[in-house]
Amino acid sequence: MGVLEPLVLRLVDRARRKSAWLFHFNAGACNGCDIELVACLTPRYDVEQLGIRLEGSPRHADILCVTGPVTRTTREALATIHAQIPDPKVVVAIGSCPASGNVFAGSPMIDGPLDRIVPVDLYIPGCPPRPGAVVQGIAEAIELLVARKEAV
Amino acid sequence: MTPTRLLLALLVFPGVLYAVPMGWLMQASERKVVARLQGRIGPPLTQGFYDFVKLLAKAPVPRAEPFLLTLLPLLAVGATLGALALLPVWTGGFTGDLILFVGLLELAPLCAVLAGFASRSVYGEVGAVREAVLGISVNVPFLAALLALATASGSLQLAQVAGGAPWLVRGPALAALLCCLPVKLRLNPFSVANAEQEILAGPLTEFDGPRLALWELAHGLEWVVLAGLVASLAVPGRGVAFVLVSLAVVPLLGTLAAATARLKINQAARFLWTWAALAAAASVFAALAIRHGRL
Ligand code: SF4
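Chains as they are written, first to last, in the working numbering: chain A, 15 to 166; chain B, 1061 to 1355.
Quick caveat, the hints were computed from the structure, so don't treat them as lab data.
Even for Gly, the Cβ is constructed at its ideal location relative to N, Cα and C.
The reader is advised that the hints may include incorrect statements.
Between beta-carbon pairs, the in silico distance windows are [unchecked claim]:
{"hint": "1", "chain 1": "A", "residue 1": "Leu25", "chain 2": "B", "residue 2": "Leu1131", "range": "42 to 50 Å"}
{"hint": "2", "chain 1": "A", "residue 1": "Thr87", "chain 2": "B", "residue 2": "Arg1330", "range": "16 to 24 Å"}
{"hint": "3", "chain 1": "A", "residue 1": "Leu25", "chain 2": "B", "residue 2": "Ala1349", "range": "54 to 62 Å"}
{"hint": "4", "chain 1": "A", "residue 1": "Glu154", "chain 2": "B", "residue 2": "Ile1101", "range": "17 to 25 Å"}
{"hint": "5", "chain 1": "A", "residue 1": "Ile49", "chain 2": "B", "residue 2": "Leu1128", "range": "37 to 45 Å"}
{"hint": "6", "chain 1": "A", "residue 1": "Gln63", "chain 2": "B", "residue 2": "Ala1319", "range": "46 to 54 Å"}
{"hint": "7", "chain 1": "B", "residue 1": "Arg1123", "chain 2": "A", "residue 2": "Val52", "range": "27 to 35 Å"}
{"hint": "8", "chain 1": "B", "residue 1": "Lys1324", "chain 2": "A", "residue 2": "Asn45", "range": "35 to 43 Å"}
{"hint": "9", "chain 1": "A", "residue 1": "Glu154", "chain 2": "B", "residue 2": "Trp1335", "range": "15 to 23 Å"}
{"hint": "10", "chain 1": "B", "residue 1": "Trp1335", "chain 2": "A", "residue 2": "Ala147", "range": "41 to 49 Å"}
{"hint": "11", "chain 1": "B", "residue 1": "Glu1125", "chain 2": "A", "residue 2": "Val22", "range": "24 to 32 Å"}
In isolation and in its complexed conformation, chain A is listed as follows:
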């Protein structure tokens, strides 16, 4: 490509920054964190203006958002879904549950925390975190995504 190469790389970085698609995976969350994630799409926070979209299929996604402590029944599905997301990808743990197990820690039904199953790039603490914190976390996740230079 020669001269064009740096230009193309810059364009790709810009596109990745402006078009992050999320896949939301509920790994046994109490639904608290899920509601806060969905709240980010509402008129008050409106993440779509940053090009962010909640996708239905993991194959379309750039960022995997996991809520919940990873129960035994969701473990396998989580690993499969993580493997189906094309590179570059970032994993974000939303809430205290995926980080530590939270109130479910020590339960025999729990296989978490999340980083035992898939590599986690970013934690958003809180039980549940406020939508503002979720938006900030996703913004930081997008920077991590852009920094991944693989697969241009």
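Keeping the supplied structure of chain A fixed, place chain B with the ligand upon it in accordance with the hints.
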């Protein structure tokens, strides 16, 4: 029509050079209209372009049978581009043939149905079945309206079809085509086939990276060609008015999408078989009456 003009139509206007950015613009502005009506700001108008570049730069997960899954979106893009090139945008332009136009236009939805089955995902299959059922329901009024126009103008050449039919036929035919537009573009309340979240992403569930980018491109081109069809029937043979009327279709569809929720598939089919079919039937009767000199 010389080969040079045909090439120009395919590559410049209303082909690649016009249609690709226009498709991105139309998709983004539809999302923008929906967002504004919901009290949000919505994505920038350049969103389609960035989505496309980002998808192209992703590394697809290796999987079995990549050939068919790449061929189908490519075919969809190519066929839709071909349909676009046939649109009568200038007077004395390419006098495309109606049958060829419909054939090329219908190839992209057909590819989507095949893609749903070929991807061997449950969600893909459910989406493909829905796409096929809606495709049959929508094409009855769609084709009937086009046939009425052809009958009234006594020609199968697109340029004559667009200009030759009197408004008595063109009015109801346009109404029927407009009813079909949200179905063909899979917008609310007819977003039954792609049904995001409900059946993940319908036929496109298993597509990733560059292949998904091709589908998005095909979808953008479908926007341009369908809006363009309405425009070229409403204002035949005028280049600038063609673009303006095409763009005017977008807020119309966006408002409808924002104001409605997704129908069930039987409700969607019933709507098409009553209201769209009624408008199409009106245009057919008007066309036959004119043809036989009763009007
Ligand atoms: S972190 Fe709190 S709110 Fe979120 S899923 Fe766990 S218990 Fe529920």
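> Looking at the structure, which of the earlier hints fail to hold?
Replying inline: 1, 2, 6, 8, 9
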